[in-house]
Amino acid sequence: MKIEIRGLNQIYPNGNHALKDINLELGTGMFGLLGPNGAGKSSLMRILVALMKPTSGVVLVDGMDIQKNREKLRFMLGYLPQDFRFFTSLKTWEFLDYSGSLAGMKNRKERKAEVDRLLDQVGLLEVRDRKANKLSGGMKRRLGIAQALIGNPRIIVVDEPTTGLDPDERIRFRNILSQLSRKEVIIILSTHIVGDISSTCQGMALLNKGEMVFNGSPENLVNQAEGHVFRMVLSPHEYDIVKEKYNVISTVPVETGWEVQIVSDDIPEFRATKVKPNIEDAYVYYMEHKLRTYITD
Amino acid sequence: MSFLHNAGTVAKYETVILRRSWFFRLFTIGSLVIFSFMNIGLFSPVGGQPWELISIPSTIPLINLYLLNIGQAIVVIFLAADFLRRDKKLDTNEVLYTRSMSNFEYVLGKTWGIIRLFLGLNIIILCIGLLMNIISKSISVDILSYLQYILIFTIPTIVFSLGLAFLLMSVIRNQAITFLILLGIAALDMFWFWYRAGSIFDYMAFGLPVYKSEVIGFDNVEGIIIQRLLFFFAGMAMVMGTVLIFKRLPQSKLHTSLAVLFLILSVSASVFCGYKIYTAVTNNYETRERVTETNREFENRIFPVLTDVSIELTHEGETIEAEAYLKITNDNGEPLETYLFSLNPSLTVNKITAQARDLEYKIYNHVIEVMPGKVLLPGMSDSLKIEYTGRINEAYCAPDFSGNLKDNINRIAMFNVSKRQYFLTDNYLLLTPETNWYPVASLNFYPANPARIKIDFTNYTLKVKSVKGLVAVSQGRREFDSAGYTFTPESPLTGLTLAMGNYRSDTIKVDSITYITHFFPGNDYYKKDLTELKDTLPNLISGIMRDLETSFSSDYPFKTLSLVEVPAQFYSYTRQSTQTRAEVQPSLILLPERLSSLENAGFGQRFKNQKKRMARNNQVITDKELQIRLFNDFMRENFISGTNTVYARNNNDESTYSEPSRYRLGPSFYFYRNNFHSSEFPVINAVFESHLQHLFQQGSRTGFLSMLGSLSEIDKANLILRTKSFSELLAENPKGDTVRVVLGVKGDWLFNLLRSEAGIEEFNKWFRKYCDENQFRSVDLMKFRSDVKQEFNFDFYPYLDKWFNGRQQPGFLFSGLRVSEIVVDERSRYQVSFTALNPEAVPGVFNISFRGEGPGRQGRPGAGGFSPQGPGSGQSFMQGRGMEASDIEKIVLLGPGETKMISIVTDVQPRAVVINTLFARNIPGEINMPVDNIIKSRRNQNSFTSDEKIIATSENGDPGEIIVDNEDPGFSSGADIVEAPLKRLFGITNRRSKSYMQVAQWNIPEYWQPVVQSSYYGKYVRSAVYKRTGSGDRPLTWSANITEPGYYDVYCYIGKSMERRRIRTDREGGQEGPVAREGEQEESRFKDHHYKVYHDDGVEEITVDYENAEAEWNNIGRYYLSKDTARVILSDQSSGRLVIGDAVKWVKVE
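Which chain is which? The protein sequence lines are R and V, in order. Counting in this note's numbering, the first sequence runs from 1 upward without gaps. Counting in this note's numbering, the second sequence runs from 10001 upward without gaps.
Mixed in with the good hints there might be a few duds.
[Stated by the list, open to error] Chain V side only, calculated, beta carbon under 7 Å to chain R, not exhaustive: (1) Phe10003; (2) His10005; (3) Arg10099; (4) Met10101; (5) Gln10251; (6) Leu10254.
[What the hints assert, rightly or not] Part of the chain R face toward chain V, derived, beta carbon under 8 Å: (7) Ala50; (8) Arg74; (9) Tyr79; (10) Gly104.
Simulated from the structure, these hints should not be mistaken for lab results. The model shown is predicted, which means the values in this text are computed figures rather than measured ones. Backbone N, C-alpha and C define an ideal beta-carbon position, used for all residues, glycine too.
Chain R extracted, bound-state conformation (with noise of 0.2 Å):
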């Protein structure tokens, strides 16, 4: 199963260039797509997930084009998206319930089954008849994954999932979708927490104000890092210097001044040492790094 992009853009009344040109293939697993606030993610998204029309460029689905075939993408789909609420009044099971009734499922007996079973996995089933409102924040995007998840859906995407998560719910929701990726399913995985993706994701893209600037594997972006990276120790007059001149990663205060890590296509002037990246070095790196000097050029 694979999903293909092509030459996708998405224009708004006002003008605003949203997606441009996006060309892109998708196959089985977690995919990733990385990118900063307004960087066109959603609006990706969105038209994945067919709740918006491109303005231009067709996504297919196993060869099929989902903007006319929506009843059967449709099927196949779950979604997650960036804000989710449920109604207040309607308890855990029951939006459950009514989920998995819309995506097909119509055996009561059945239907109640798989909804204890999915509240089972995101832990939710103690929960089961308690209200949206008594929920915390963790435990409403779990039922958003179980909604996401509920009548098998073959394509899967969520929008922002760990957004505003504490460490522990983000991991548990990270291996929530770990899990899942097992399975022949396409998980798309929108988010703008590098985190996310290289616990996670076998693929992925980075957009940047509508722009895909970046295809490949999570080790791709870092190895494109490699020897960008530096640790410096620096004394507060040098580190007014260093800030002003390359983009500082992270700063920690030691005895004599700063431990200062920064990307740079060139070795700095000051005692530097290489360090190996990780992803969100490969990010910061490719995103005001990388991208400024290709834009210069």
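Since chain R is already given, all that's left is putting chain V on it; use the hints.
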């Protein structure tokens, strides 16, 4: 099937979500509480069980759903708009939007979810009503009506409200604006649209007549279905529109196509229904126009007199087939070349023959012109037969009424009921003369003279056959054989009525009159409720009839009196040509089924209530006595003296007035017995009828209307006649009670004129005899004129021209009242004398009576037996109405510019002289002149009662006096009232500010309202202005131009009603006797009045205590005024509830 599954799923959870919303919960709990209490309070065995609501069982679901529907029509707006507002929070619903369902399924699911929630609530409320219905043994159960009213009220209202809310929210996407628009539409329906254009905008069925009869069911099934389908389909169209513009990418071409298809179908069906309603309204209008035009064409043509009519009629379901054998006479002064008849325009004439010869004829809408092929000379007779078949066109019956719901609104309890003039169904038939179901030799309406009427006293026979085997009821002796029913009335009638249905009958003969009740099976409940009356009934009926005969000074002219139960929707319009309604026919009264809308008809419940009340008050009464009382109350309230309050719309003016009960027996004593006609004064019969039947004697103003401040009818009439003549007014054909009140005043004037010259007793005696001699005969006014002239040597005819065509009114000024106690023939008597002046250019008549000792008004002798108000009611009560006129001491005819000294000797000490100025400029027309001083004379005196013409005294007052009344230019009540823009837009005018009223008990205006009372100051119009106590920002100002500087005494006038005056008995020589206060009085609503008197040295603030002030001019100080404008200001601040201002006087001190 996935459609049903998906839509069902959405519906299910929409229902759950809404059911759990606080708004719906509040509404549900509130509804359950209110409707439980209402049903228990109204329908349970422990409840009030008002007869209007329990007499017909379908009223229980009707009232429940009618009221609930108003609430839910508004609540559904909030809930529907809320649903889309929720959907606007995209992230919440996007998880649903990404599911595989079509917009069609989603929106329909939402719609069904809300509908079924409300249906559930409706069913629960109906179950409460049904439970009360079942446990209340006195109410039968009409289970079908529960379903019918859900279909009529709930479904179309909710579908339309939802559709509109969905569509508006989808288009506007602003909840607040959508709410405002939707609530505005709901309010417009309830206050503006409900009666307009055949209820084409009444989506709630707020005004739609859906009252259900037990006899015929709904009277207009097709109309109701179409009206409700209009809104159902309009709602569905808007739901489909919402599907199509829903902000979600569609996924099913089939469903989108279906939505388009249903949209087209719904719009088409809705437009079709709207068109049907529109065409029904326009057809109705066009029929009326056509009838009026045809009448206009023929109103000056001469018609024969119908002397004998024999009808053979077959009832064939929704049509009739008939043959009418007519015998006519030409009583016109000229030969007849063609015979003119009227027949309902929906009846088709098949053949007209005479002596087996076909006659030529032409049809002009409803007028048949027959060419007999010969000339019928005056006084000659002819016969012919008309064969016809068809249905009845209802719009024909009252062509001068629009058919609008609000024109003469017909309500039972709070429900609008159709105004059906006839019934012609498989199982029931009712045809009154007003439908012209047989040919008559007259027009049903004369456009140039709406008060004109042609009455033929005709000998009828009627043969009726029903293919359905229904029982026929009509006037006269009834015989039944295999050919059907034959009716032979014993005396000539003015019209024939036929009813056919599943009738049962009871008969009782009392004093040679046979009383027959024709009722539907099971509707003779009153027999069970009034079991104790069995033996007494003949006596009771006899007593009532004797009272009536005494009151009308005439015997009941027929041998039978039938009371016929007819469907509740039967209604008759008022007519200008007669005060008689179609409910009362010669020797027959048509009563609503189960007496549903009649006063005091719920005998069983009333018996229980009164028994309980009496037990509480330790009163002892036997069951029989109580049942006699209930029976008498019922008879008097409905057939003798009761009134109905009418809420009427007259052009844009809406008014409330009272009219006589539609079932009064009065017409039997004049209208169906005697007739006076005049080509010159076509209104004459209506005038005679109005006076002689004294229909509004007791019903002139009910206490309720009086408390609202309504004027008396004589005052209303005289105000109307200020600007137009009687004939001009009639030609305008105004609606409401205008013509009725004017007819009353004009009739009173005419008969008082006759009595003034002939003598009261002498005229009455002669006239009674005259009517008896001319029973069932039409009398030409010229003959009456010559007979009066011969008997009394008085020709009233010269007065009639000005009476009918003149615009001028007489006006009376009274002064110099003097009452002396004198000794005549060794007996103390009282001589009352005063001066009366008529400065106007036309003659006037007024009558005089006395109010004697004791509280309140003395009972009216002779006709007082039926007065619902009784003595001391304080109501305006115009003496000199009706045949008795025995309350009048004297009637005075005063020529133009004439002054007379009036003198009357009476045996009873008068407390007040009450003058009825009849047709005059005087407002109020009833003038109370309190007798404050009685001069005692010990000497024997010769009494004199003759009037003495004296030289006219000057109308002008003292030259040293300047009086500014509230009617004068020097008076100002502040800025004119500015009507709100919305009121202006909708043409709502503030009537109270423009016309005179009386001081009301409640609903007191916040502006200065002109009010009239005979104790107020004024020349002809004795008026003042009053308002609710204010903050002092709306003062009254009296201004006068001072031409001579000097000291002036300033007075303010305080007018008090009789009840608030002090009585003094002055001895001869002016010695003041003890001051006597009347009995207990309620606290005055008028207290301190604060005047500011402007003078040369500044402003003087004077407080006048209304309670202790004299009922006349009260001095508020002496001030120096130089040549300038003098001013007195009255503040609207007071510690009392009301403030009143009348007149101010400046008197130069010599």
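Verification of the supplied hints:
The closest approach between the C-beta of phenylalanine 10003 (chain V) and any C-beta of chain R is roughly 12 Å, which is over the 7 Å cut-off, so the hint fails. The beta carbon of histidine 10005 (chain V) comes within 6 Å of a beta carbon in chain R, closer than 7 Å, and the hint placing it at the interface holds. Look at arginine 10099 (chain V): its Cβ gets to within about 4 Å of chain R, closer than 7 Å, so that hint holds up. For methionine 10101 (chain V), the shortest C-beta to C-beta distance to chain R is roughly 6 Å, which falls under 7 Å, so the interface hint holds.
Interface hint at glutamine 10251 (chain V): satisfied, since its Cβ lies 4 Å from the closest Cβ of chain R, which is below the 7 Å cut-off. Below 7 Å, beta-carbon pairs count as interface contacts, and leucine 10254 (chain V) has none with chain R, the closest being about 10 Å; its hint is therefore violated. Interface hint at alanine 50 (chain R): satisfied, since its Cβ lies 6 Å from the closest Cβ of chain V, which is below the 8 Å cut-off. Checking arginine 74 (chain R) against chain V: minimum C-beta separation of about 4 Å stays under 8 Å; hint holds.
For the restraint placing tyrosine 79 (chain R) at the interface with chain V, the shortest Cβ-Cβ distance is roughly 4 Å, inside the 8 Å limit, so the hint holds. For the restraint placing glycine 104 (chain R) at the interface with chain V, the shortest Cβ-Cβ distance is roughly 7 Å, inside the 8 Å limit, so the hint holds.
Against the hints set out earlier in the document, violations occur for numbers 1, 6.
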